[in-house]
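**Q** With these hints in hand, go ahead and build the complete structure from the sequences.
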Amino acid sequence: MERVETRELAYFRAVAEELHIGRAAARLGIAQPPLSRAVRQLERRLGVELLVRHAGGVRLTPAGEVLAREAVTVLDAAEAAVRRTKRAAEREARLVVVLKPGGDSDLLPEILAAYPDDPAAVPVDFKVCDQDERVAALRDGSADVAFLHHPAEDFTGLDVEPLLEEQLLAVLPSNHRLAGRQELYLADLVGEPVARWRGRPALYGKGPEVRDAAQLMQLITLGQAVAVVPESVRTQLRSGLVCVPVGDAPPATVVLAWPEWSTSPALAAFVRVAAQVAARRLPRPSALGRVEFVTAGSALGHTRVGFPASA
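Numbering (our numbering), first residue to last: 11 to 321.
These are computed hints drawn from the structure, not numbers from a lab. Possibly wrong hints are sitting among the right ones.
Unchecked claim - Label pairs and their calculated CB-CB ranges:
#1 Glu27 - Arg208: 13 to 21 Å
#2 Leu56 - Asp150: 26 to 34 Å
#3 Arg291 - Ser184: 24 to 32 Å
#4 Pro218 - Val138: 17 to 25 Å
What the hints assert, rightly or not - SDA-like mimics (lysine to any residue), calculated; alpha carbons at most 20 Å apart, straight line:
#5 Lys137 - Gly112
#6 Lys137 - Pro269
#7 Lys137 - Ala223
#8 Lys216 - Gly201
Every value quoted in this text rests on a predicted model; they were computed, and no experiment measured them. Where a beta carbon is used, it is the ideal one built from N, C-alpha and C, also for glycine.
**A** Laid out in structure tokens, this is it:
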């Protein structure tokens with residue numbers, strides 16, 4: 011089997027993203043002829059054509075499209091491995107927890123009060139991120155564990171521990187036609203500009219795409235969007251907005267997520283304490299149609315929980 015160096019993948023990734031040898035060379039800080047030779051050498055070694063050259067630049071062949079996707083995965087994994095290795099060598103171990111504002115459903119204070127009592131506990135640092143950045147922080151090695159929500163996130167490559175469920179609410183301007191209702195149903199929102207998170211499937215409508223809660227609240231205030239969100243978002247409401255329960259929407263599940271195969275005792279202790287704290291709250295996660303399975307050699311000795319792709 012032919013081995014490909016990460017340097018070659020980095021070169022090809024730049025070409026695939028720029029679709030132009032000259033621009034890719036400038037981005038990499040190298041001359042154009044060596045880059046062209048490197049790509050042709052990669053094609054000869056793999057025995058496939060990766061690029062179609064034309065006067066305006068290049069386009070990817072089907073094989074090139076596959077390698078471009080795989081190159082991103084491999085290079086990101088290599089960078090994450092380096093980052094985690096360096097963090098492991100730090101003199102004082104720390105656990106980095108990432109969350110969005112209000113994304114812990116008010117579990118964190120109790121978790122942080124109990125966590126130091128565990129023999130494996132280490133100091134905890136926090137990163138407060140936008141919607142997109144939490145999973146990215148887990149995958150790039152800059153964070154150890156994140157508070158996320160099902161079904162809004164992609165859990166590929168992650169292990170998760172469900173903590174608790176939150177009712178879904180519709181957030182509306184106070185002058186909206188539905189604002190006076192005691193309860194709504196998803197059918198009531200058909201035709202409404204239901205906002206969707208950037209890079210996520212449109213679960214309840216095809217309204218404007220938003221990157222964070224501040225942008226979402228601004229659009230709702232302006233009458234440009236409505237939203238279906240977990241109950242914990244109440245704490246971020248602006249004046250002039252109202253929340254109405256959505257009776258037939260499946261609840262959102264607050265979960266802790268971490269990179270699969272992690273072996274950190276400090277992380278295992280944090281997940282264990284979080285699960286104990288959540289167990290004292292109601293409601294607990296229901297089946298949600300999820301599939302539960304135990305993986306041999308699993309990171310923390312926990313059950314890995316997978317959610318169906320259609321959820």
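**Q** Against this structure, judge whether each hint is valid.
**A** A quick look at each hint next to the structure:
no., hint, verdict
1, Glu27 - Arg208: 13 to 21 Å, "holds (19 Å)"
2, Leu56 - Asp150: 26 to 34 Å, "holds (27 Å)"
3, Arg291 - Ser184: 24 to 32 Å, "holds (30 Å)"
4, Pro218 - Val138: 17 to 25 Å, "holds (23 Å)"
5, Lys137 - Gly112, "holds (13 Å)"
6, Lys137 - Pro269, "holds (16 Å)"
7, Lys137 - Ala223, "holds (16 Å)"
8, Lys216 - Gly201, "holds (9 Å)"
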